[in-house]
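If you're matching them up, the sequences are chains A and B in order.
The opening residue of the first sequence carries number 1 in the numbering used here; numbering runs sequentially from there.
The opening residue of the second sequence carries number 1 in the numbering used here; numbering runs sequentially from there.
Be aware that a few hints might be false.
As the list claims (entries may be wrong) - Only some residues are given here: those of chain B computed to face chain A with a beta carbon under 8 Å: (1) MET1; (2) ALA8; (3) LEU9; (4) LEU84; (5) GLY87; (6) ASP125; (7) GLY126; (8) TRP221.
As the list claims (entries may be wrong) - Derived coverage of chain B by chain A (criterion: at least 3 residues anywhere in the stretch with Cβ under 8 Å from a Cβ of chain A; other residues may be distant): (9) 13 to 19; (10) 70 to 80.
Think of the hints as simulated: they come from the structure by calculation, not from any bench.
Glycine residues also receive a C-beta, built at the ideal position from the N, C-alpha and C atoms.
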Amino acid sequence: MRLTAQTLAVRRSGRRIFSDVSFTLGAGEALMVTGRNGAGKSTLLAVLAGRLKPESGTLTVHEVGEATLPECLHVVGHRDGLKSPLTAEENLAFARDLLGAPTASPRAALEELGLGHALRLPVAYLSAGQRRRVALARLLVCRRPLWLLDEPTAALDVASQAVLAGMMARHRATGGLVIAATHQALGLEGARELRIEAARSEAARSEAARSEAARSEAAMSEATATPSDAATGDVWW
Amino acid sequence: MVMRALKALVARDLALAARVGGSGALSLVFFLMIVAVVPFALGPDLNLLSRIGPAILWLAAVLATLIGLDRLFQADEEDGSLDLMTGAPVPMELVVLAKVLAHWLTTGLPLALAAPLFGLLVALDGTAMAATSLTLLVGTPALTFIGAVGSALTASIRRGGLILAVLVLPLMIPTLIFGVSASEAALGGTVPFTTPLAILAALSLIAGVVGTLASAAALRWSE
Chain A
1 MRLTAQTLAV RRSGRRIFSD VSFTLGAGEA LMVTGRNGAG KSTLLAVLAG RLKPESGTLT
61 VHEVGEATLP ECLHVVGHRD GLKSPLTAEE NLAFARDLLG APTASPRAAL EELGLGHALR
121 LPVAYLSAGQ RRRVALARLL VCRRPLWLLD EPTAALDVAS QAVLAGMMAR HRATGGLVIA
181 ATHQALGLEG ARELRIEAAR SEAARSEAAR SEAARSEAAM SEATATPSDA ATGDVWW
Chain B
1 MVMRALKALV ARDLALAARV GGSGALSLVF FLMIVAVVPF ALGPDLNLLS RIGPAILWLA
61 AVLATLIGLD RLFQADEEDG SLDLMTGAPV PMELVVLAKV LAHWLTTGLP LALAAPLFGL
121 LVALDGTAMA ATSLTLLVGT PALTFIGAVG SALTASIRRG GLILAVLVLP LMIPTLIFGV
181 SASEAALGGT VPFTTPLAIL AALSLIAGVV GTLASAAALR WSE
């Protein structure tokens, strides 16, 4: 599978999050999305996962047949997609049946992450780190070429981080792609880095200019009249 | 593969309704409460009660349906399950259909089945009980599907329950009118029972199509 993003721009509630994000990712490659808090890392992943429509730009996938991009990927993020009243096994079995292309049993996947004992425990009883590991076990129960990971090491202990690094290495060795939004080194060898700081800082600059203008007496009329970058004429909450 | 995914969805939602915090039994209890409170308010006039009984049962069914609806999609939106469903190799319309079916099986169907029992509280006779139960069986899918649209629209709003009720209650009025008139037609009158019942069935079918498409559209771009 190959993924190409060209000049993606995203606007949420009339507010420019980032613009002009482009990258290409081929089989076995990894991309680390970095940037400050609120820079738009999770937003970028939401766009890739098909939960948000980009304002402009294109996303294309190659070499996957007729599947659409959301059908080619796994998402593990802050919202872990686990149902608290169901057991870890039930959650994983559901994900496997829903997503298709099963590769491993829920038991095998959980044992891989060192959670074999939690198989029949309701997810509500698990700690944050254990929940995260159950969510990561979803990556193993069915095969999807692209993994979208949002801060995958949050709440994980050191041993589990090593297990995750091993999982990602194996996934890439078999032609898989990894896109991870992170603040830490994940043990992704040869991963490229995409900083979305630059796109954001442009918006931040215009935001600063705007609030300054709003503070001055001439206020809004002047601010909208300034011929500046695209973010100026937006609707603001 | 599609059938497998849909079966998994229905099975999961049924399991969730049965576990702690599920909404299945709750809406039934709420239904019972409304039906039980009305005789206290109206007084022990059996003739009056049995005359307005079908209307009370239908009103209670509409309100009880509203109770469980706010979590239909919101729970999945909050915990990220909706992201999973977006990535499933199944159209969002079918996901909605599976979820609404599971929801109806745990709320609408129990209401229809329990209606004869609750009819005792409002002094319905045998014919009226059977008729009301049948109209609820035919009409509650319309309520659930109409409610699903509101539920999908308010999925990303916290405390969206009240907005949901305001949005969908007006749309449920036609179903309410024909549900009650069918129940009353069974007790005699100039209109044959099957006429309003057929319209009620048509409302359910239309709501099934429109509700599914509209909910899926609302969920797809919920931002």
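Against chain A, run the beta carbon of TRP221 (chain B) and see if the smallest gap drops under 8 Å.
holds (6 Å)
Holds or violated: the hint that GLY87 (chain B) contacts chain A, with Cβ atoms closer than 8 Å.
holds (5 Å)
When the least beta-carbon distance from LEU84 (chain B) to chain A is tested against 8 Å, hint result
holds (5 Å)
Does the CB of MET1 (chain B) sit less than 8 Å away from some CB of chain A?
holds (5 Å)
Hint check: is the beta carbon of GLY126 (chain B) less than 8 Å from a beta carbon of chain A?
violated (40 Å)
Within 8 Å of chain A's CB atoms, at least three CB atoms from the stretch 13 to 19 of chain B: coverage verdict
holds (count 3)
Go check the stretch 70 to 80 of chain B versus chain A for me, would you? Three or more residues, Cβ under 8 Å, otherwise it fails.
n = 3 at 8 Å, threshold three: holds.
Measuring from the C-beta of ASP125 (chain B) to each C-beta in chain A, is the shortest one below 8 Å?
violated (42 Å)
Interface restraint verdict for LEU9 (chain B) against chain A (beta-carbon cut-off 8 Å):
holds (7 Å)
So, ALA8 (chain B) near chain A? Judge it on the closest CB pair being under 8 Å.
holds (3 Å)
The structure is inconsistent with the numbered hints 6, 7, although it conforms to all the rest.
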